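Keeping their order, the protein sequence lines are chains A and B.
Each residue of the first sequence is one higher than the one before, starting from 4 at the first, in my numbering.
Each residue of the second sequence is one higher than the one before, starting from 2 at the first, in my numbering.
Bear in mind the hints are in silico, worked out from the structure with no lab data behind them.
Values in this document were obtained by computation on a predicted structure and should not be read as measured data.
Glycine included, C-beta positions come from ideal geometry on N, C-alpha and C.
Treat the hints with care, as some may be off.
[Unchecked claim] Below 35 Å or equal to it, Euclidean Cα-Cα: the simulated DSBU-like pairs (lysine-lysine) are:
1) A:K202 / B:K32
2) B:K118 / A:K364
3) B:K32 / B:K214
4) B:K116 / A:K12
5) B:K144 / A:K365
6) A:K59 / A:K105
7) B:K222 / A:K202
8) A:K202 / B:K118
9) B:K116 / A:K200
10) B:K116 / A:K202
11) B:K144 / A:K200
12) B:K214 / A:K12
13) B:K214 / A:K202
14) A:K200 / B:K239
15) B:K58 / A:K202
16) B:K239 / A:K365
17) B:K222 / A:K200
18) B:K214 / A:K364
19) A:K79 / A:K69
20) B:K98 / B:K158
[As the list claims (entries may be wrong)] If you only want the chain B side, here are some residues facing chain A, beta carbon under 10 Å, derived:
21) I82
22) Q87
23) F89
24) Y92
25) D94
26) E99
27) F103
28) H155
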Amino acid sequence: MNRFIGFIKKEFYHILRDRRSLFILFGMPIVQVMLFGFAITNEINNVDIAILDHSKDVNTKEIINKIATSKYFSIKGFISHEDEIESTFKKGKIKAVLNFEKDFGKNLVTQKKATVQILTDATDPNTANTISNYVGSILQNYQQELNKGLNMPYQIVPKTRMVFNPELKSVYMFVPGVMTIILMLVSAMMTSISITKEKELGTMEILLVSPLNPIQVIVGKVVPYILLSIINAAVIILLSIFVFKMPVQGSLFLLGAESTLFIVNALSLGILISTISSTQQTAMMISLMGLMLPVILLSGFIFPISSMPLPLQLISNIIPAKWFIMILKGIMLKGVGLAYVWKETLILIGMTIFFIALSVKKYKIRLE
Amino acid sequence: MTKDNMIQVQNLTKMFGDFTAVNNISFEVGKGEVFGFLGANGAGKTTAMKMLIGISKPTHGAATVAGYNVLTEAEQVKRNIGYMSQRFSLYNDLTIKENIVFFGGIYGLSSADIKEKSQAMINELGLHDMADSLVGSLPLGWKQKVAFSVALLHNPKIVFLDEPTGGVDPITRRQFWEMIYMEANRGVTIFVTTHYMDEAEYCDRVSIMVAGKIEALDTPKNLKGQFQVDSMNQVFLKLARNIE
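Just chain B, with the same shape it has in the complex:
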């Protein structure tokens, strides 16, 4: 285990009764890496992710996130990660500013800190006109951008993004990925699940889960070489068919 590994997963397993949702998976994610976590619906990626962010307990195996054990140091893990879910992460009936103040508050930021950060964020996203409007009135793409920035408020070492661009138009998706790269360049580790195979191409490394197991894990380039195809989409299809 190298010192730079932000996520370290060993033989992680989650069973629901007789059903094995996550079957003995192991992988590492390095600092500043954009790690794509792919899989069809029901392949177990959300369950795996829930164990990493400390809201679901593994049946077997171990995992450390930001250097802390998810089983025994959940509190520390939570302080060091940001999380944005495919379902909406902000409150629609609060304004952008109020959302920032609220989430800053629950992560224990001081009011001065919150003020400074929300100003910076509003400037960065160009939200001056909308800062005081209800989040519910924003277009989905904007909401997701704000949600991403809010997930980063407390300077987490790792951000978990659960299908962050679901239902968002291609241009906004592009912009969203630019934001992701910017954060990765700042040294933030990005752990992202997605359904869009074009997005998989943007990741440094990609893992593909099928039926609870990680069936492939490499850079997009290597994976395409290994399966002798020219898009991640084809990698994915080939893999899924082979298994079946």
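This is chain A alone, in the form it adopts within the complex:
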């Protein structure tokens, strides 16, 4: 055990003294999460919207004025009929339409309640979401002003409708996706590089001549990366919760456990890569081409799998990242428990065992 701890300590020295790998380990996750986060959830400014006012009374005018004077929106047209909404959106300029119900002001006075519909173009789901939030808060502001000193409050009910992509399928998609990419990169690429580095420098030979057996050597090399990857996963989750206000609906413990499973899966892939490549460069190329590209293109992170041609859909099944992203989405966004992701979990476990078995076999052949 003592000698094993010594081995792990040495591995940490390697990692901590190589600035490049330190940056990949810790700088990159933060940069990536920030980049993706801000690129997708950027603030809205001067978004063009159109108004469909069936009521044309004092209240609707005041609301329209409020919206027109806010820096977030500029009103680019008034339409007079529901039929025009779709064609307005299709032109692509207008991102949202505000539809005031008939007798808006009258309803507000008589029934203390009036409805306005916010229609947004959800082909860009993040923007759509932000727009409806902003409009909602302007409406709420106005409502509060109206209600000052009243004991029977008025209520303005906004009804949000997403046009074109009602389920907002890619919202928050970036966190599971980026997390998957980073864990894959750090775990698989870094381990395969660090193992081939020992081969390249010749120190692997020294280790194999020592009484440590090959399995101990590999496990010793991998353990530090498991620990670092778990820290990475935690950093990403914390960043997404606190910086991007991404909700984690499901159990954090399950999330942690599944992330660890995926990390081990990626590590076993890294070991497999290191058994078939003899230089660091080859290991890096194989990791990038063989792991990163499929993860980015075929995992469903950026391009929805359901709209891929059938052969690609089939190939996507053998990519661990696809299953991990499904698990992440389930836990983080839908709040489901293991009962809903057991199938994906089993697939990941199966793949991990397969990769490990294959690397053990390859590793033995190399020693013959």
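With chain A held as given, fit chain B onto it using these hints.
Frame of chain A; chain B shown alone:
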């Protein structure tokens, strides 16, 4: 087979497909002997050595190292040998001390033992100022000396040195050989491969491999007599030419 033989090799053969890298070699090395294992590049010496240190399996034949069978008792063999390779044996991004602690650790030395040995080694090599600097910053000659000492940390009975002085200047090479003699006098068996024929003269006995076979094996003096030349270099050239 005498009791004092630390290495005993019988009809050792290694084939890679149709290619015979090591062809039916046999020899013995006695305790405390400095045994030179010579041969041109590709003659099969590294392959032969790899079989002896347990990282390559022989196709035919048998070998015992430190009294243990390399095929069936690899674990015991590994505990009793030290190994230093022509390519670098230490970690450049670790300090001298950290390297000692690491290698001491994987050979199962206790921390007290490691502490004592590293102190002794630092004293012996005069490394007080450098003990905490990264190995990567040392000159090559120093690195090799430290690597040799590290290979001896766990008191192995035999040390395998694979071209230990490659690329090292003549003065440091000289010092390195002094270290080798010192260890041999302490009873450690030295198995060394080299390209430098002047170094071959320092060995007690020398074997010369050509195309997978041992073509000559004797003391440098006897070999020079046998080939009627006055340097090992000439022995080597003559042998290589004769075969071709």
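Hints not upheld, ascending by number:
2, 7, 12, 14, 16 and 17
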